[in-house]
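2 protein chains.
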Amino acid sequence: MAKKTSSQSQTKVEPRGRNLEETRRTILQATFFEVLSSSFQGISIDAIVAKTPYTKGALFHQFPTKLDLGYALVEEVIAPSIITRWIDPIRVFQNPLEGILHQLQILIGNEDLEILKLGCPLNNLVQEMSPVDSGFHKRLAAALDLWIEQMDGELQRGQMMGFVKKDISTRDAATFIVMAHEGFYGTIKGLRDKRVFDSLYGALRSYLQNLATDPSSLS
Amino acid sequence: MAKKTSSQSQTKVEPRGRNLEETRRTILQATFFEVLSSSFQGISIDAIVAKTPYTKGALFHQFPTKLDLGYALVEEVIAPSIITRWIDPIRVFQNPLEGILHQLQILIGNEDLEILKLGCPLNNLVQEMSPVDSGFHKRLAAALDLWIEQMDGELQRGQMMGFVKKDISTRDAATFIVMAHEGFYGTIKGLRDKRVFDSLYGALRSYLQNLATDPSSLS
Chain A
1 MAKKTSSQSQ TKVEPRGRNL EETRRTILQA TFFEVLSSSF QGISIDAIVA
51 KTPYTKGALF HQFPTKLDLG YALVEEVIAP SIITRWIDPI RVFQNPLEGI
101 LHQLQILIGN EDLEILKLGC PLNNLVQEMS PVDSGFHKRL AAALDLWIEQ
151 MDGELQRGQM MGFVKKDIST RDAATFIVMA HEGFYGTIKG LRDKRVFDSL
201 YGALRSYLQN LATDPSSLS
Chain B
1 MAKKTSSQSQ TKVEPRGRNL EETRRTILQA TFFEVLSSSF QGISIDAIVA
51 KTPYTKGALF HQFPTKLDLG YALVEEVIAP SIITRWIDPI RVFQNPLEGI
101 LHQLQILIGN EDLEILKLGC PLNNLVQEMS PVDSGFHKRL AAALDLWIEQ
151 MDGELQRGQM MGFVKKDIST RDAATFIVMA HEGFYGTIKG LRDKRVFDSL
201 YGALRSYLQN LATDPSSLS
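If you read the protein sequences in the order shown, they are chains A and B.
The working numbering numbers the first residue of the first sequence as 1 and each following residue consecutively.
The working numbering numbers the first residue of the second sequence as 1 and each following residue consecutively.
Please note that the accuracy of each hint is not assured.
As the list claims (entries may be wrong) - So the derived label-pair ranges between C-beta atoms look like this:
1. Ser44(B) <-> Gln94(A): 52 to 58 Å
2. Lys51(A) <-> Val92(B): 52 to 58 Å
3. His102(A) <-> Gln41(B): 26 to 32 Å
4. Pro64(B) <-> Ile115(A): 33 to 39 Å
5. Ser169(A) <-> Ser169(B): 50 to 56 Å
6. Ile106(B) <-> Leu146(A): 28 to 34 Å
7. Asp46(A) <-> Gly42(B): 43 to 49 Å
As the list claims (entries may be wrong) - Only pairs whose alpha carbons sit at most 30 Å apart, straight line, appear in this in silico DSS-like list of lysine-lysine:
8. Lys138(B) <-> Lys166(A)
9. Lys56(B) <-> Lys66(B)
10. Lys166(A) <-> Lys166(B)
11. Lys51(B) <-> Lys194(A)
12. Lys56(B) <-> Lys138(B)
13. Lys194(B) <-> Lys165(A)
14. Lys166(B) <-> Lys165(A)
15. Lys66(B) <-> Lys138(A)
16. Lys117(A) <-> Lys51(A)
17. Lys117(A) <-> Lys117(B)
18. Lys117(B) <-> Lys66(B)
19. Lys66(B) <-> Lys166(A)
20. Lys51(B) <-> Lys138(B)
21. Lys66(B) <-> Lys66(A)
22. Lys166(B) <-> Lys117(B)
23. Lys66(A) <-> Lys12(A)
24. Lys138(A) <-> Lys194(B)
25. Lys117(A) <-> Lys194(A)
26. Lys138(B) <-> Lys117(A)
27. Lys117(A) <-> Lys66(A)
28. Lys66(A) <-> Lys117(B)
29. Lys166(B) <-> Lys194(A)
30. Lys194(A) <-> Lys138(B)
31. Lys165(A) <-> Lys165(B)
Derived by calculation from the structure, the hints in this document are not laboratory data.
The beta carbon of each residue, even a glycine, is placed where N, CA and C say it ideally should be.
Please work from the sequences and hints to get the whole structure.
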C-alpha cells in the first residue's frame with residue numbers, strides 16, 4: 001500500500017508559485033464530487049488525492065487537516081456556486097419570480113434522477129455536519145444566510161420594478177423560497193421519483209403567483 | 001470490556017412470552033433516541049442495549065442485524081408517529097388548513113431549539129440512508145408516501161366540507177405541504193435559529209390562504 005502511493009507520487013506534480021491557486025481549485029473540485037457521492041465523514045484524503053494530478057503533500061500544504069478541506073469546500077465552492085447557479089441567472093429576468101421558476105426547471109426539473117438522488121451538496125452537509133461540528137455549522141449557516149439575503153435582494157428588485165406586491169415581507173418570502181429549493185432536493189432524494197418535481201413546481205408556482213402583481217405572468 | 005458486559009447482563013432481564021412485544025417497543029424507542037442524537041451509521045448496538053433493561057441476546061433475538069433494527073425503526077416507530085403527530089390532530093379541526101398550521105405551531109414553533117437542531121427523524125434518515133441502502137430507501141419512501149397520501153385525504157375532506165378550493169390539485173398541495181414540513185426542520189437545523197420559524201410559518205400560511213375558500217379563516 002505504502003509502495004503503491006510512493007510509486008504513484010513519482011508521476012505526480014508538486015505545484016509551485018502561481019499554480020497554487022489552480023491546485024487548490026482542482027483539489028476542492030475533486031473533494032466536491034467525492035463528498036456528493038458519499039458524505040464528508042465517509043471520504044478519505046487518499047481517495048481525493050487519487051482523483052487529482054497532485055501529491056498528498058501538495059494537498060496537506062494547502063489543507064493541513066480534513067476539516068480545513070471541508071471548511072474551504074463550503075466557503076470556496078458551495079457558497080459561490082449558490083450565487084452562480086441560483087442568483088445570477090435570476091438577474092437576467094426583468095421579473096425575478098419568472099427567473100426563480102426558470103432556474104428550478106433547468107437545474108432540478110431537467111436534471112437526471114441519477115444526479116438528483118445524491119441530493120443538494122449544501123443540504124447534505126447541513127444534515128450531516130451541522131450538528132456535529134461548530135465550524136461547519138457556522139460556515140453552512142453563513143451560506144444559507146447568503147442565499148436568503150441575495151434572494152431577498154432579488155424580490156426587493158421585483159417590488160421596485162412593480163412585479164412583486166409591495167405589502168409582502170420579502171425576507172419571509174426569500175426564506176420560504178430557499179427552504180423550498182432544499183425541500184425539492186430532499187423530497188426527490190427521498191422518493192427517488194422525478195414526477196414529484198411537477199407537483200412541487202406547480203405548488204411553488206401558485207405560491208409565487210400569490211406574491212405577483214400580475215399572477216398570469218407566471219402561468 | 002467483555003467482563004463488564006457480562007456482569008451487566010446478570011442484572012438484566014430475558015423477556016419471555018407476552019413481554020416480547022413490550023421488549024420490542026422499548027428497544028425501538030431507545031434506538032429512536034440514539035439515532036436522533038447521532039445517526040444510524042454512528043450508533044452501536046451496545047449503546048442501545050445500555051439504554052434498555054434487556055440483554056444483547058434479547059435484542060438479537062428480535063433484530064438479528066443492525067439493519068433489521070433500522071428497518072423496524074422506520075416501519076414501527078417513524079411511520080406510525082407521522083400519523084399520530086401530523087395527521088390525527090388535523091382531524092380534530094373542521095378546517096384541515098387550520099389544523100395544519102396549528103400542528104406546525106405546536107410541534108415546531110413551540111419546540112425547544114435543542115430538540116429542533118437535531119432535525120426531523122424521518123428527514124435525517126432519508127438524507128443519510130436513502131442513497132446507501134435500498135431497503136432503507138424503500139421503507140423511507142413508503143413513509144413519505146403515506147404522509148403525502150394522508151395529507152391529500154385531509155385536503156380532499158376540506159374540499160368536500162367547502163374549506164378548500166375545488167379547482168386545486170390536492171395531491172400537488174399535499175406533496176408541497178409535506179415537503180415544507182421537512183424544509184422547516186432542515187432550515188432551522190441549518191441556521192440553528194428559531195426566528196426563521198416565523199418567516200417560514202408566515203409564508204406557508206399565505207400559501208394555505210391561497211388554497212382556502214375563505215382566506216381570512218387562516219389569519
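Hints and how they fare:
1. Ser44(B) <-> Gln94(A): 52 to 58 Å: holds (57 Å)
2. Lys51(A) <-> Val92(B): 52 to 58 Å: holds (55 Å)
3. His102(A) <-> Gln41(B): 26 to 32 Å: Since histidine 102(A) and glutamine 41(B) have Cβ atoms about 38 Å apart, the given range 26 to 32 Å is violated.
4. Pro64(B) <-> Ile115(A): 33 to 39 Å: holds (36 Å)
5. Ser169(A) <-> Ser169(B): 50 to 56 Å: violated (27 Å)
6. Ile106(B) <-> Leu146(A): 28 to 34 Å: holds (32 Å)
7. Asp46(A) <-> Gly42(B): 43 to 49 Å: Given a distance of about 22 Å, which is not inside 43 to 49 Å, the answer is violated.
8. Lys138(B) <-> Lys166(A): violated (45 Å)
9. Lys56(B) <-> Lys66(B): Distance ~12 Å between lysine 56(B) and lysine 66(B) Cα, so the pair holds.
10. Lys166(A) <-> Lys166(B): holds (29 Å)
11. Lys51(B) <-> Lys194(A): violated (41 Å)
12. Lys56(B) <-> Lys138(B): OK: lysine 56(B) and lysine 138(B) at ~28 Å, within 30 Å.
13. Lys194(B) <-> Lys165(A): holds (27 Å)
14. Lys166(B) <-> Lys165(A): holds (26 Å)
15. Lys66(B) <-> Lys138(A): Answer violated: lysine 66(B) to lysine 138(A) is near 33 Å, above 30 Å.
16. Lys117(A) <-> Lys51(A): holds (22 Å)
17. Lys117(A) <-> Lys117(B): Holds: lysine 117(A) and lysine 117(B) sit about 24 Å apart, inside 30 Å.
18. Lys117(B) <-> Lys66(B): This hinted pair holds, its Cα atoms lying about 25 Å apart.
19. Lys66(B) <-> Lys166(A): Violated, at about 55 Å.
20. Lys51(B) <-> Lys138(B): holds (28 Å)
21. Lys66(B) <-> Lys66(A): Holds, at about 29 Å.
22. Lys166(B) <-> Lys117(B): The given pair, whose Cα atoms are some 38 Å apart, is violated under the 30 Å limit.
23. Lys66(A) <-> Lys12(A): With Cα atoms ~21 Å apart, lysine 66(A) and lysine 12(A) stay inside 30 Å; holds.
24. Lys138(A) <-> Lys194(B): Given pair lysine 138(A), lysine 194(B) holds - Cα atoms ~16 Å apart, limit 30 Å.
25. Lys117(A) <-> Lys194(A): Judged against 30 Å, a Cα distance of about 10 Å means the pair holds.
26. Lys138(B) <-> Lys117(A): holds (13 Å)
27. Lys117(A) <-> Lys66(A): holds (25 Å)
28. Lys66(A) <-> Lys117(B): holds (24 Å)
29. Lys166(B) <-> Lys194(A): Distance ~26 Å between lysine 166(B) and lysine 194(A) Cα, so the pair holds.
30. Lys194(A) <-> Lys138(B): Status holds; Cα separation ~16 Å.
31. Lys165(A) <-> Lys165(B): holds (23 Å)
Violated hints, listed in ascending order, are 3, 5, 7, 8, 11, 15, 19 and 22; each of the other numbered hints is respected by the structure.
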